[in-house]
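Asks: Sequence:
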Amino acid sequence: MLYDALRFFPGGDRAIEVELGDEMDFTINFIVHKLVAAVRDAKFEAVVDLIPELASFQITYDPDIMSYEDLCREVEGIYAGLGRGATGSLPSRLITIPVLYFDDETAACIADYRKTYPEKTPDPELVCELNHLPDRAALQRAHAGTEYWVAALGFWPGLCSLLALHPGARIIAPKYNPPRTHTPKGAVGIGGALTCIYPDATPGGYQLIGHTPAPTYDGAQRLPDFKDSLALFRAGDRVRFAPVGLEEYEDIKARVAEGSYRHDIIDYQVFSVDRYLDWAKAQGAEG
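Each residue of the sequence shown is one higher than the last, beginning at 1 in full-length UniProt numbering.
Where hints are given, some of them may not hold.
Only pairs whose alpha carbons sit at most 25 angstroms apart, straight line, appear in this in silico BS3-like list of lysine-lysine [said to hold, decoys possible]:
| id | residue 1 | residue 2 |
| --- | --- | --- |
| 1 | LYS175 | LYS120 |
| 2 | LYS253 | LYS185 |
| 3 | LYS115 | LYS185 |
| 4 | LYS227 | LYS253 |
| 5 | LYS185 | LYS227 |
| 6 | LYS175 | LYS115 |
| 7 | LYS175 | LYS185 |
Computed spacing ranges between beta-carbons, pair by pair [as the list claims (entries may be wrong)]:
| id | residue 1 | residue 2 | range |
| --- | --- | --- | --- |
| 8 | GLU74 | LEU246 | 30 to 38 angstroms |
| 9 | ASP70 | GLU258 | 49 to 57 angstroms |
| 10 | LEU82 | GLU250 | 34 to 42 angstroms |
| 11 | GLY145 | LYS175 | 20 to 28 angstroms |
| 12 | MET24 | ASP228 | 40 to 48 angstroms |
| 13 | ALA138 | LYS43 | 48 to 56 angstroms |
| 14 | ALA169 | VAL270 | 17 to 25 angstroms |
| 15 | LEU82 | ASP228 | 51 to 59 angstroms |
In case anyone wonders, no lab produced these hints; they're calculated from the structure.
For glycine and all other residues, C-beta sits at the position ideal for the given N, C-alpha and C.
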């Protein structure tokens, strides 16, 4: 639900958490991005950083330049000027990520977890069962058959929260309980209604369905596509997953290792939420 008014909460003495709603919903998330863009365009001297989240965003600011109360009032005024509802457009890059579905590395990770918890159904079969998909091939088609919206980045540097844009391709799965102590870098997983790509080897809880050899975080900025940022994705990007075979997967790994790999990025596109919502409604979405 989108709240009737913004809700503000202090995050220590130099941050403000701004909540717009209480659902993991595309339209709320788009409004978050639209408001963040408007606050950024206002160029407040006090604002240090803006971090969009699923239904909220965080402002890091300098309280010596502007008080908490004054900045909240300014943001409220900008929000009032935008009007309610998800309308308009935003710049949105389209990034294609190669994925080897049901790969050996994530399969080994799943098998290692099941040594301790043998009752755990293997991740691909669990996702198929819960989403009424007959087999792994159907899961791959469904997962790779839509573009995804980068709703937020966080929890770990470069970690993306991806929402499926096609209403008929939304796959839902519970997280591990308890979580894993290790997840391979590049693993592709599903948790709740979100897909993520693990940017590094970390603990985790998403159900694993594949692996990408293309890095989404490069702390050393070795690869050309990371020259301006350590993280590949930006909030508001779109992602397309391209299934690859083992030979192409190994070729990409080799090019990453030698530092010559280039990501497939279309960076001149604009995403219209009005056109998207009309299209989604025609596909059977409720809104």
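Asks: Looking back at the numbered hints, which does the structure fail to meet, lowest number first?
Replies: 8, 10, 12, 15
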